[in-house]
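Peer 1: The lines below spell out each chain.
Protein chains: 2
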Amino acid sequence: MSQEKEKRTEIGEIGEFGLIDRISKSFGHKNPETLVGIGDDAAVIESGAKVKLVTTDMLVEGVHFDLSYIPLQHLGYKSVAVNVSDIAAMNGKPKQITVSLGLSNRFSVEAVESFYEGVKFACEDYAVDLIGGDTTSSPTGLIISVTAIGEASKEQVSYRKNAEENDIICVTGDLGGALMGLTVLEREKEVFKTNPEMQPDISAYEYIVKRQLKPSARMDVIFELEEAGVVPTSMIDVSDGLASELFHIAKQSEVGITIYEDKLPIDEVTYNTAVEFKMDPVTCVLNGGEDYELLFTISQTDFEKIKNLPDVSAIGYIDKKENGHKLVTKGGNTVPLQAQGWKHF
Amino acid sequence: MSQEKEKRTEIGEIGEFGLIDRISKSFGHKNPETLVGIGDDAAVIESGAKVKLVTTDMLVEGVHFDLSYIPLQHLGYKSVAVNVSDIAAMNGKPKQITVSLGLSNRFSVEAVESFYEGVKFACEDYAVDLIGGDTTSSPTGLIISVTAIGEASKEQVSYRKNAEENDIICVTGDLGGALMGLTVLEREKEVFKTNPEMQPDISAYEYIVKRQLKPSARMDVIFELEEAGVVPTSMIDVSDGLASELFHIAKQSEVGITIYEDKLPIDEVTYNTAVEFKMDPVTCVLNGGEDYELLFTISQTDFEKIKNLPDVSAIGYIDKKENGHKLVTKGGNTVPLQAQGWKHF
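Each protein sequence line maps, in turn, to chains W and V.
Following UniProt numbering, the numbering of the first sequence begins with 1 at its first residue and continues without gaps.
Following UniProt numbering, the numbering of the second sequence begins with 1 at its first residue and continues without gaps.
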């Protein structure tokens, strides 16, 4: 009565991306409306003269969040924001969202309402309509599954695969903050466990803690790009770390990448906290996850139109594939770029 | 650092529907494309000349399924089918699907592949494209979240709210089978636990076990209705039990309902198994969940066009609201109809 197979491969051996590759290979498309399926930030479906964009994320207690430091309201906000970020990464506008919850009996009606207050704030910030979901019980902990639907005109969509040689690589905001925020929260949790009398003072870390607990999707930049009349040649959101996302663009666009250490945007608080924790700030920027900034490439002509945007940094350029992936250090050395990414297994 | 509220209401006190009501009230819609949100089998979104239909379901191990008797392949199939059933219940055609999994380390790559084989069979049966998902780890057990997107012309959509007085109430297939299949599986599991040497013989129950483990979405009937040129005035799929679904239609359409006991479709195996387990077969038909048949109402003129469909039963009619909800028994007595539904909390 149980499932038994002779061969057993652990998921960790091939990783999340390996697993997705393996599964998606055997699936074809039957509907001509399905323009793009698995493999980008969102799927693309024909919808009259426009396209609908569809993305989904699952957040599991104990894996993606720890309720001992994230308030339910922030978690509700974040659950929406991370999906909106995927729609932004396609250069689209979010329109609708479904939110499903699996709840253990630890959660009261009031707790669920707190969560949905956060969902509501996010729906207001991003002009998204909550259109459905499913609510069920769960044996342990909280499970959140969100699907977001966005819209774009066909010509507006930015994929991962169309970066071209000599394009400028840009990134919004600053990076590594969410990782350092998490690091601080984990330390405070340990302190609190040892001595519950001790009230944590995290005021010095406010910026990075907020980056972790209440990230924003960069819809503001999507609107700025639209106003400037610029469509990025490729785009992705930085959820797993800058290096990992650069590799996705490089792989799908079949190009090489060069970025400059001294151009990487890092906030002072992130930098100082990294130093405090004896971590390399550049590694935090390259491999820290959950910043939900946008990484995109644009043609050199278009760069003129956006170079004065206050929250966009040019960090490098797209190279020929055979030139590989490189980081030019502050000292002027060229070293291979390495991606570590965020492991969920 | 934890969430504490003074008042604590258990979710069980207000139930799943109470919780959804409470939350959805505070959410409005900002986008004119959002035609219908929470409250029907699927949301309805404008899409050029047509509409997109969106529905989502979460299935949690230990709550919705027990891997000691459902093979992963069947579970994959069922996860898709139950969502396709919601699209069918809007009189739409399923087009795309996203599948997200939370997996504990009990699950190997091969196990995930078995699950997706079932997903693939369902995608083929219903002509649906797998367009995305999320794969992550879970502290315990398997979590499945599926979102399906369908399509319909605006005039084709059947809501729950438009049933009218004198409409005929119809239901597809037969009911109560999935519940009795589950009952048999639960008994065999107990037998197996007591004596693992004993191989369960469920061949006599094959039909109802299949109803539980591998339900079908009734897309065949949707195509037949289309061919007959009939749009149901209201429709819902029978996932929580016939009585509960009748109450949804009655409430949203503001009508009364009369159904006839002798018209209720029940399979012989379901009937005999109910008797064997000392359960009332009519109660199984009225309150058994997970049959995934379609319950719909049509005008009397349209009934002529479909009355010869082999797998559709007329079970009653829509009455004035003030006449309430009634069951006419085989003995000719009229008794109030009671809904019990499926409790997930």
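One should not assume that every hint holds.
Identical copies carry no separate label here, and so any pair may be met within one copy or between two of them.
What the hints assert, rightly or not - Listed next, the in silico DSSO-like pairs over lysine-lysine satisfying Cα-Cα at most 27 Å (straight line): (1) Lys263 to Lys214; (2) Lys7 to Lys214; (3) Lys214 to Lys30; (4) Lys30 to Lys154; (5) Lys30 to Lys50; (6) Lys7 to Lys189; (7) Lys154 to Lys50; (8) Lys120 to Lys25; (9) Lys30 to Lys278; (10) Lys154 to Lys326; (11) Lys120 to Lys7; (12) Lys278 to Lys320; (13) Lys214 to Lys25; (14) Lys30 to Lys120; (15) Lys210 to Lys305; (16) Lys189 to Lys321; (17) Lys320 to Lys193; (18) Lys278 to Lys305; (19) Lys321 to Lys307; (20) Lys7 to Lys30; (21) Lys25 to Lys305; (22) Lys263 to Lys30; (23) Lys305 to Lys193; (24) Lys307 to Lys189.
Derived by calculation from the structure, the hints in this document are not laboratory data.
Everything numeric in this text was worked out from a predicted model, so none of it was measured.
Peer 1: Does each hint hold? Answer for all of them.
Peer 2: Here is how each hint holds up against the structure:
| no. | hint | result |
| --- | --- | --- |
| 1 | Lys263 to Lys214 | within (25 Å within a copy, 56 Å between copies) |
| 2 | Lys7 to Lys214 | between (42 Å within a copy, 26 Å between copies) |
| 3 | Lys214 to Lys30 | between (39 Å within a copy, 23 Å between copies) |
| 4 | Lys30 to Lys154 | both (20 Å within a copy, 23 Å between copies) |
| 5 | Lys30 to Lys50 | both (20 Å within a copy, 19 Å between copies) |
| 6 | Lys7 to Lys189 | between (41 Å within a copy, 26 Å between copies) |
| 7 | Lys154 to Lys50 | both (6 Å within a copy, 17 Å between copies) |
| 8 | Lys120 to Lys25 | between (37 Å within a copy, 11 Å between copies) |
| 9 | Lys30 to Lys278 | neither (53 Å within a copy, 47 Å between copies) |
| 10 | Lys154 to Lys326 | neither (33 Å within a copy, 53 Å between copies) |
| 11 | Lys120 to Lys7 | between (46 Å within a copy, 21 Å between copies) |
| 12 | Lys278 to Lys320 | neither (36 Å within a copy, 74 Å between copies) |
| 13 | Lys214 to Lys25 | between (35 Å within a copy, 25 Å between copies) |
| 14 | Lys30 to Lys120 | between (36 Å within a copy, 12 Å between copies) |
| 15 | Lys210 to Lys305 | neither (31 Å within a copy, 62 Å between copies) |
| 16 | Lys189 to Lys321 | neither (45 Å within a copy, 57 Å between copies) |
| 17 | Lys320 to Lys193 | neither (52 Å within a copy, 63 Å between copies) |
| 18 | Lys278 to Lys305 | neither (40 Å within a copy, 77 Å between copies) |
| 19 | Lys321 to Lys307 | within (26 Å within a copy, 65 Å between copies) |
| 20 | Lys7 to Lys30 | neither (32 Å within a copy, 51 Å between copies) |
| 21 | Lys25 to Lys305 | neither (40 Å within a copy, 44 Å between copies) |
| 22 | Lys263 to Lys30 | neither (45 Å within a copy, 39 Å between copies) |
| 23 | Lys305 to Lys193 | neither (52 Å within a copy, 70 Å between copies) |
| 24 | Lys307 to Lys189 | neither (41 Å within a copy, 66 Å between copies) |
Hint compliance for this structure: hints 9, 10, 12, 15, 16, 17, 18, 20, 21, 22, 23 and 24 are broken, all remaining hints hold.
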